[in-house]
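Protein chains: 2
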Amino acid sequence: MKKSISLLAVIFIANILYGQTTEDSVLLRRMANEILSNGNAYENLRFLTKKVGPRLSGSPQAGSAVLATARMMREAGADTVILQECMVPHWVRGAKESAKLIFANGKEYALKVAALGNSVGTPTAGLKANVIEVRNFAELEKLGTAGNIKGNIVFYNHPMDPTFIKTFMAYGDAVPYRGRGPSMAAKYGAVGVIVRSMASNKDDHPHTGATVYNDSMPKIPAIAISTNDAEYLSNALRMRMVSQVYFKTSCKMLPDEKSYNVIGVLRGSELPDEVLTVGGHLDSWDLAEGAHDDGAGCMQSIEVIRAFKALGIRPKRTIQSVMFMNEENGGRGGEKYAEMAKKDGRKFVFAIESDAGGFVPRSIGLSLNAAQKAKLWSFERLFKPYAIEFSEGGGGADIGPLRSVGTVMSSLNPDSQRYFEVHHAETDVLESVSPRELHLGAFGMAAILYIVSENGL
Amino acid sequence: MKKSISLLAVIFIANILYGQTTEDSVLLRRMANEILSNGNAYENLRFLTKKVGPRLSGSPQAGSAVLATARMMREAGADTVILQECMVPHWVRGAKESAKLIFANGKEYALKVAALGNSVGTPTAGLKANVIEVRNFAELEKLGTAGNIKGNIVFYNHPMDPTFIKTFMAYGDAVPYRGRGPSMAAKYGAVGVIVRSMASNKDDHPHTGATVYNDSMPKIPAIAISTNDAEYLSNALRMRMVSQVYFKTSCKMLPDEKSYNVIGVLRGSELPDEVLTVGGHLDSWDLAEGAHDDGAGCMQSIEVIRAFKALGIRPKRTIQSVMFMNEENGGRGGEKYAEMAKKDGRKFVFAIESDAGGFVPRSIGLSLNAAQKAKLWSFERLFKPYAIEFSEGGGGADIGPLRSVGTVMSSLNPDSQRYFEVHHAETDVLESVSPRELHLGAFGMAAILYIVSENGL
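In order, the protein sequence lines correspond to chains A and B. According to the numbering used here, the residues represented by the first sequence are 5 to 461, in order. According to the numbering used here, the residues represented by the second sequence are 5 to 461, in order.
Simulated from the structure, these hints should not be mistaken for lab results. Small disclaimer: the values here were computed from a predicted structure and weren't measured. Hints are not guaranteed to be accurate.
A pair counts as met if it fits within one copy or between any two copies, since identical chains are not told apart.
Under the rule of at most 16 Å between Cα atoms (straight-line distance), these lysine to aspartate or glutamate pairs were calculated in the EDC-like manner [to be verified]:
{"hint": "1", "residue 1": "Lys116", "residue 2": "Glu430"}
{"hint": "2", "residue 1": "Lys206", "residue 2": "Glu435"}
{"hint": "3", "residue 1": "Lys206", "residue 2": "Glu47"}
{"hint": "4", "residue 1": "Lys379", "residue 2": "Glu396"}
{"hint": "5", "residue 1": "Lys379", "residue 2": "Glu458"}
{"hint": "6", "residue 1": "Lys223", "residue 2": "Asp165"}
{"hint": "7", "residue 1": "Lys154", "residue 2": "Glu137"}
{"hint": "8", "residue 1": "Lys347", "residue 2": "Glu235"}
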């Protein structure tokens with residue numbers, strides 16, 4: 005008899021669970037249909053890329069982006085829209101940059117260049133010196149220790165490794181040369197740095213991105229060149245046709261500027277003091293429209309609000325959709341948001357970031373403990389019809405500081421094959437975004453937020 | 005004792021199998037590294053798209069494409085390259101097409117149009133008639149039965165359904181209006197047909213594609229208009245601002261032309277009389293470069309040969325890499341190849357086709373019986389590091405005729421989200437292809453061919 009009751013209990017519970025996930029499955033289908041049929045993320049992205057344009061922290065366009073996304077949030081149906089003040093670095097590229105190889109026979113070859121973000125400029129007359137190519141820091145150290153770096157320009161020619169299937173792994177391997185490279189070279193007396201662009205393809209576009217000076221070293225000017233130019237320079241050096249490079253930049257860091265995170269709020273119906281955060285970063289590099297990086301993540305995060313409202317779904321927990329300011333060259337917006345979360349009486353339980361491009365979503369990355377995993381991964385199968393998996397590990401530069409308040413980290417992981425063709429380059433434009441891919445990503449975020457909002461962690 | 009022996013036997017076999025799949029896993033890694041590092045498919049595609057260009061069956065460019073890919077096959081290292089003769093239809097678009105809406109107030113609005121492939125042209129003076137919009141065949145039938153179609157132009161305005169996650173499902177739902185639509189309309193006395201482009205996005209590019217006349221009906225001229233123009237026309241009709249459309253085309257079908265399939269052969273070392281086929285189609289529509297459709301599949305199929313040769317792998321079974329001619333408006337190349345296979349003493353055991361774009365591969369589709377599945381799917385895990393799954397069902401228009409000789413059908417299934425943005429439109433250009441995505445797809449095909457070649461089915 006006891007056994008029968010247990011069995012009945014199991015069947016009963018199974019029915020509840022099954023019934024619930026059937027409802028969830030129907031809800032997710034409605035959400036996908038709504039976003040794929042009526043999604044507004046791509047049209048919003050058109051405005052952000054074509055009307056606002058490049059929007060580096062501290063620029064007038066970053067200010068326009070704040071106003072534009074606050075409007076989009078209201079139009080999407082956010083209950084409230086908050087502008088959260090934060091001070092941001094204000095780096096400017098200045099006048100047109102130039103660079104050229106100087107051949108042994110006196111002829112010249114113009115390089116297409118972009119100063120690295122946060123870099124100091126060259127002297128007004130520019131910088132001319134011999135170029136020393138290194139493939140990695142080990143080579144730098146060897147040459148530096150032998151006194152062969154002093155007074156020269158270091159050329160870091162470290163390609164993104166094409167054999168990594170996930171391109172972010174190759175980026176992680178190459179990006180230290182952009183980040184720490186200039187100060188590492190300065191340590192050995194280099195006067196300037198040229199970095200091969202962190203690009204997965206061969207083309208003529210330099211990719212910028214932040215360099216981070218070590219304050220104990222002299223700050224030397226640093227530029228990126230395209231992958232094609234890097235190959236050209238490397239060959240010319242190998243054949244001893246070239247020894248000197250000239251380049252001129254007038255970039256500089258100005259005093260900090262006041263700026264804002266833009267936060268759209270959808271108040272929870274049952275547990276409003278538990279907050280789920282979804283976001284991307286609003287600033288972009290100055291070379292392009294910042295369509296994938298990270299207009300996409302921002303527009304997807306606004307679309308989450310729109311979809312909930314359009315379907316008349318009031319989430320149990322509060323959803324905050326956040327346009328983080330200053331991810332690219334400071335991370336101040338993310339820090340400011342976490343500061344608020346620390347002081348706030350509410351609990352920031354879950355945060356998902358979309359900052360890997362607006363490409364077709366492959367997985368929702370989740371950093372969970374065992375109990376959370378046992379619960380949440382049972383919902384993975386609801387995502388299968390949309391070709392979205394769950395994967396281990398989530399997070400992002402802007403939501404990262406929330407770790408200090410115990411927030412569960414998540415990320416939208418789009419397919420990574422195309423990202424580093426356009427990342428931080430002038431090719432990161434609206435035309436490189438597919439509306440369906442962008443909207444499927446927005447769906448993925450809306451769906452996981454719905455599941456977490458209704459079920460907790 | 006018997007038990008122990010069985011156990012030992014199991015361990016022994018497990019070791020062999022495990023050892024084998026470890027070797028396979030290493031081989032696949034080498035293959036991926038080779039293709040991702042030194043792959044030539046994208047550069048070959050550059051030649052095919054930019055130097056050869058659009059290459060509809062029977063055109064001079066189709067002839068150039070035959071010569072160019074025969075050269076590429078030889079350069080890739082094929083043991084022999086065969087040109088297999090086949091007669092193909094020769095449809096030509098003729099002089100520039102035009103179309104316009106004629107407003108009630110006499111004003112006009114130019115539509116951007118493309119005649120459907122295989123369509124007859126209009127009378128020399130063009131065609132002017134009232135337009136009747138229908139969403140589907142049920143509406144056509146109702147209006148036709150009531151006598152409201154006779155003498156008019158039928159406008160099929162059937163959008164691709166955005167809620168299908170796999171866009172090929174939406175294409176399958178919409179494409180009958182292009183294929184059978186003109187003859188269905190002619191049945192009720194229509195004098196012409198306008199089809200909303202089978203496109204997943206809204207833009208200004210008409211997408212062409214084959215129409216297939218029913219010989220028992222009058223052949224009436226048919227054109228495609230862009231999705232934006234379809235919306236415009238539909239609104240104008242709804243608001244009764246427009247009743248008439250004029251269009252003029254001079255397309256026509258010429259006598260059949262001689263053409264060729266191009267077949268590159270890699271002779272098997274142990275079972276040369278068992279043939280594995282890999283291919284795409286060499287012809288493309290005349291509006292664009294045919295980069296995704298299907299330059300990609302052709303260049304990937306050549307890359308398979310190159311990768312085997314570059315790695316010094318002589319497959320146990322023979323691999324034939326086939327550039328099928330005339331997939332778009334006749335399928336003659338596929339039929340010719342299967343005819344040969346029927347007469348040939350050899351066994352055509354397996355065929356994989358890539359004709360769904362050069363996008364990131366998501367799965368290898370396989371049509372297998374239970375025994376074959378039990379064997380082949382055990383290798384699926386070797387593909388996981390490359391984010392490629394196995395999926396049920398494979399095939400394709402060009403390899404389809406091989407079913408008659410019992411060939412196992414397979415297909416490379418790339419991500420489908422972007423395909424119908426460019427399919428059959430002038431936007432199907434090299435720039436819409438990502439080199440890494442293209443090469444990962446080539447790897448997927450090379451890898452499954454290696455597995456089948458070494459292990460059989």
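Verification of the supplied hints:
no. : hint            : in the structure
1   : Lys116 x Glu430 : within (12 Å within a copy, 30 Å between copies)
2   : Lys206 x Glu435 : between (19 Å within a copy, 13 Å between copies)
3   : Lys206 x Glu47  : between (31 Å within a copy, 11 Å between copies)
4   : Lys379 x Glu396 : within (14 Å within a copy, 30 Å between copies)
5   : Lys379 x Glu458 : within (13 Å within a copy, 43 Å between copies)
6   : Lys223 x Asp165 : neither (29 Å within a copy, 56 Å between copies)
7   : Lys154 x Glu137 : within (13 Å within a copy, 76 Å between copies)
8   : Lys347 x Glu235 : neither (51 Å within a copy, 52 Å between copies)
The structure is inconsistent with the numbered hints 6 and 8, although it conforms to all the rest.
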